[in-house]
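**Student:** The residues making up each chain are set out below.
Number of protein chains: 2
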Amino acid sequence: MKFIKTPVKGMNDMLPSDMRMREHVLSMIKKSYALYGFMQIETPCMEHIENLTSKQGGDNEKLIFKVMKRGADLARAIEKGDGEYADNGLRYDLTVPLARYYANNKEKLPTPFKALQIGSVWRADNPQKGRFRQFTQCDIDILGDDSNLAEIELVAATSEMLTQIFAEVGISNFTVHINDRRILKAAAMAAGFAEDDIPSVLISLDKFDKIGLDGIREDLVGNGFDAEIVDRYLASYGAISGAVDCAEFCKSISEEYLDPAVVTGIGDIISGARSMVSEGVEISFDPTLVRGMGYYTGPIFEVSIDGYNFSIAGGGRYDKMIGRFSGQDVSASGFSIGFERIITILKDKMEKGIQISENNRAILIDKNVALEKKLEIFKEAKQLRSEGVTVTIQPMRKNIKQQIEKLEAEGYTNFQKVYND
Amino acid sequence: MKFIKTPVKGMNDMLPSDMRMREHVLSMIKKSYALYGFMQIETPCMEHIENLTSKQGGDNEKLIFKVMKRGADLARAIEKGDGEYADNGLRYDLTVPLARYYANNKEKLPTPFKALQIGSVWRADNPQKGRFRQFTQCDIDILGDDSNLAEIELVAATSEMLTQIFAEVGISNFTVHINDRRILKAAAMAAGFAEDDIPSVLISLDKFDKIGLDGIREDLVGNGFDAEIVDRYLASYGAISGAVDCAEFCKSISEEYLDPAVVTGIGDIISGARSMVSEGVEISFDPTLVRGMGYYTGPIFEVSIDGYNFSIAGGGRYDKMIGRFSGQDVSASGFSIGFERIITILKDKMEKGIQISENNRAILIDKNVALEKKLEIFKEAKQLRSEGVTVTIQPMRKNIKQQIEKLEAEGYTNFQKVYND
Numbered sequence: 000m001k002f003i004k005t006p007v008k009g010m011n012d013m014l015p016s017d018m019r020m021r022e023h024v025l026s027m028i029k030k031s032y033a034l035y036g037f038m039q040i041e042t043p044c045m046e047h048i049e050n051l052t053s054k055q056g057g058d059n060e061k062l063i064f065k066v067m068k069r070g071a072d073l074a075r076a077i078e079k080g081d082g083e084y085a086d087n088g089l090r091y092d093l094t095v096p097l098a099r100y101y102a103n104n105k106e107k108l109p110t111p112f113k114a115l116q117i118g119s120v121w122r123a124d125n126p127q128k129g130r131f132r133q134f135t136q137c138d139i140d141i142l143g144d145d146s147n148l149a150e151i152e153l154v155a156a157t158s159e160m161l162t163q164i165f166a167e168v169g170i171s172n173f174t175v176h177i178n179d180r181r182i183l184k185a186a187a188m189a190a191g192f193a194e195d196d197i198p199s200v201l202i203s204l205d206k207f208d209k210i211g212l213d214g215i216r217e218d219l220v221g222n223g224f225d226a227e228i229v230d231r232y233l234a235s236y237g238a239i240s241g242a243v244d245c246a247e248f249c250k251s252i253s254e255e256y257l258d259p260a261v262v263t264g265i266g267d268i269i270s271g272a273r274s275m276v277s278e279g280v281e282i283s284f285d286p287t288l289v290r291g292m293g294y295y296t297g298p299i300f301e302v303s304i305d306g307y308n309f310s311i312a313g314g315g316r317y318d319k320m321i322g323r324f325s326g327q328d329v330s331a332s333g334f335s336i337g338f339e340r341i342i343t344i345l346k347d348k349m350e351k352g353i354q355i356s357e358n359n360r361a362i363l364i365d366k367n368v369a370l371e372k373k374l375e376i377f378k379e380a381k382q383l384r385s386e387g388v389t390v391t392i393q394p395m396r397k398n399i400k401q402q403i404e405k406l407e408a409e410g411y412t413n414f415q416k417v418y419n420d
Numbered sequence: 000m001k002f003i004k005t006p007v008k009g010m011n012d013m014l015p016s017d018m019r020m021r022e023h024v025l026s027m028i029k030k031s032y033a034l035y036g037f038m039q040i041e042t043p044c045m046e047h048i049e050n051l052t053s054k055q056g057g058d059n060e061k062l063i064f065k066v067m068k069r070g071a072d073l074a075r076a077i078e079k080g081d082g083e084y085a086d087n088g089l090r091y092d093l094t095v096p097l098a099r100y101y102a103n104n105k106e107k108l109p110t111p112f113k114a115l116q117i118g119s120v121w122r123a124d125n126p127q128k129g130r131f132r133q134f135t136q137c138d139i140d141i142l143g144d145d146s147n148l149a150e151i152e153l154v155a156a157t158s159e160m161l162t163q164i165f166a167e168v169g170i171s172n173f174t175v176h177i178n179d180r181r182i183l184k185a186a187a188m189a190a191g192f193a194e195d196d197i198p199s200v201l202i203s204l205d206k207f208d209k210i211g212l213d214g215i216r217e218d219l220v221g222n223g224f225d226a227e228i229v230d231r232y233l234a235s236y237g238a239i240s241g242a243v244d245c246a247e248f249c250k251s252i253s254e255e256y257l258d259p260a261v262v263t264g265i266g267d268i269i270s271g272a273r274s275m276v277s278e279g280v281e282i283s284f285d286p287t288l289v290r291g292m293g294y295y296t297g298p299i300f301e302v303s304i305d306g307y308n309f310s311i312a313g314g315g316r317y318d319k320m321i322g323r324f325s326g327q328d329v330s331a332s333g334f335s336i337g338f339e340r341i342i343t344i345l346k347d348k349m350e351k352g353i354q355i356s357e358n359n360r361a362i363l364i365d366k367n368v369a370l371e372k373k374l375e376i377f378k379e380a381k382q383l384r385s386e387g388v389t390v391t392i393q394p395m396r397k398n399i400k401q402q403i404e405k406l407e408a409e410g411y412t413n414f415q416k417v418y419n420d
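Heads up: the protein sequence lines correspond to chains F and W, in order. Residues in the first sequence are numbered from 0 upward in steps of one, following numbering that gives the first Met the number 0. Residues in the second sequence are numbered from 0 upward in steps of one, following numbering that gives the first Met the number 0.
Everything labelled a hint here was simulated from the structure, so no lab data went into it. Hints are all accurate, no fakes.
Any copy, or any two copies together, can satisfy a pair, since identical chains are not distinguished.
With a cut-off of at most 20 Å between alpha-carbon atoms, the simulated PhoX-like pairs for lysine-lysine come out as follows:
id, residue 1, residue 2
1, K105, K400
2, K54, K4
3, K1, K68
Whenever a hint applies, use it, and build me the whole structure from the sequences.
**Tutor:** Structural data, given as structure tokens:
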């Protein structure tokens, strides 16, 4: 019999120490978002293949783990030979399932609906450091609220959640970058780019952190855009240094391209969220923030921490997407938390990780101990456990030194060895 | 575009009220088992198809959701036309993954290793009431302990966990039935059955609760077994009424078939576990307990509650199974908790389910309210949340009556309506 000990490529076995860290962070996330009225929901890990391949998922659709048809359905598909062997697939994100879920359950849910989803997603990506084929996503979304209150709640709740998690490792400063897709578009059009060219222009702008303004200029001109338009476009970005005021940045963009309410809205989101976050959290307008996905329609946001070159959360408003799925327009705004990235940072900063409870006892019983004596030990253990002490009762091993060392590695500090009298 | 609103057949969308119940039970399970030194671990949901189809999983292997090969691997498989289109599958239980996990990570784990696994499993079963194609399993296992301490800890921990969960709905009585595969085998052999016939004999005995002794007699004789042997076999079971003493039941079985240590062992497990459980928990020898799976090698156990015709937890010792997988014998004993069944009972008994926290406030803001006033409201909300009050801030809807009703259904009791002054 062929038996393979290792997990499937790109997927991980979680050791007890991994799980203690993950459970610790998950419970903080759940507790924190519950205080803001987000309600946890869950969808099946498998979705209809039709929903997963509807072109809303971008490149992720190329990475789907497809689930095979079964029985007669499979036999028919093979006979037909059309390659349609799958009827389901594993979800590659939590957004497509959310759109389906909302379409299916809307009548039973409050409006607006504040959802918290935590779950595994699967992508047949090329595994590399910190990128897995199964990983945990954690999303909050507000559906059915077309006002800025949604963004204020999303940003405030996420900032507070991160504040609490990172306080444990001495990180109290991070930045929430805020921009708006409509400002990105207006700035490009005001400079003279054609509307159809905007996605391509934004791909270049998105590299700002890596290549700077000069790099972007080269990129755009290299892509065949008119140098004069490029220069006009980048001039507004040239003034960026430190915090930028949204109204200041937008003042040269004519109302033909940008509704002034968008600019006021960003101001309101920033001051609203600032009024609710802890000290150390910076919330600021960032005109170079792009966010890759094409489905965003309004405000967008991203969280960064000094010293780490990846964002730890990102999101924005996507008012059209759920409608494209379900045929019924629903305003929506969401924040996706980089759960695995948070775990990476905590592991990095916490030398000993999360240990079992400080109140603990490992009772190691020699094999010659009589039942009567064991029963006494059991009663003591019962009492200790009722007082909240973690107690493990185990047979004493020949190599007791190694047994104790391994238990110490998991956090046990109190050992009771029981021999026959 | 084809869009399917319903979840994949046999799988469920979890509403906020469902999730509150599930999260509540999960947190009690985790907390309770942690006190007994069980350590949570996790494996990927996907396993190598070779491991899943190794004949250890019984009928479940027919129910595997297979995951298709991708790219060049898939193209090769299709060209070959041998039907080998899958390289992975979704796990149908948590035991096969545990065997692989332990083989893969043994060096990093304490011995004995007390594992808690909670996770989804998938079976392409025919969906029916209370049977789903994706459901949560919750298993505790002790690996590397060949003594009865393992069973005592498993039974005591599970009893205590169930006591705590069921106390909330006024159920304080349940029974842990205990038997031993070796006693089942010895009783059959002592009556004169051939060793090869034992699995078939046990299939009949397993129907005791449904068809009684007369039904079993009919079943066995109908299957062609000698009536005299059948009568001799059932005579020992005929005396059963109420609690049966293990030593009493086994006294007529000769040592040729049954090692007396097995009988003493069952006595020790029962008295050991009894010394640690709460009042109301009955732990008793049940000679008719069979447990379906063929891999059990020693003590077996099952939990039942009056008024429900299904068991809510079951398990036993399976000393050979991990070895058959990994080639290295590891003693193992485990308890599988019927998580979905516990949820069914709690839903049945708790009229209102689990609500959001009693300290709550829903702040509904009219769209004409000015930013200044909103900022005041936000500061108040920040203060309330820091005190542990669940606060949701939302735009006031036109149909405010419906908005409040839906929020009340989730447990909100305090409403603050904010209008412009």
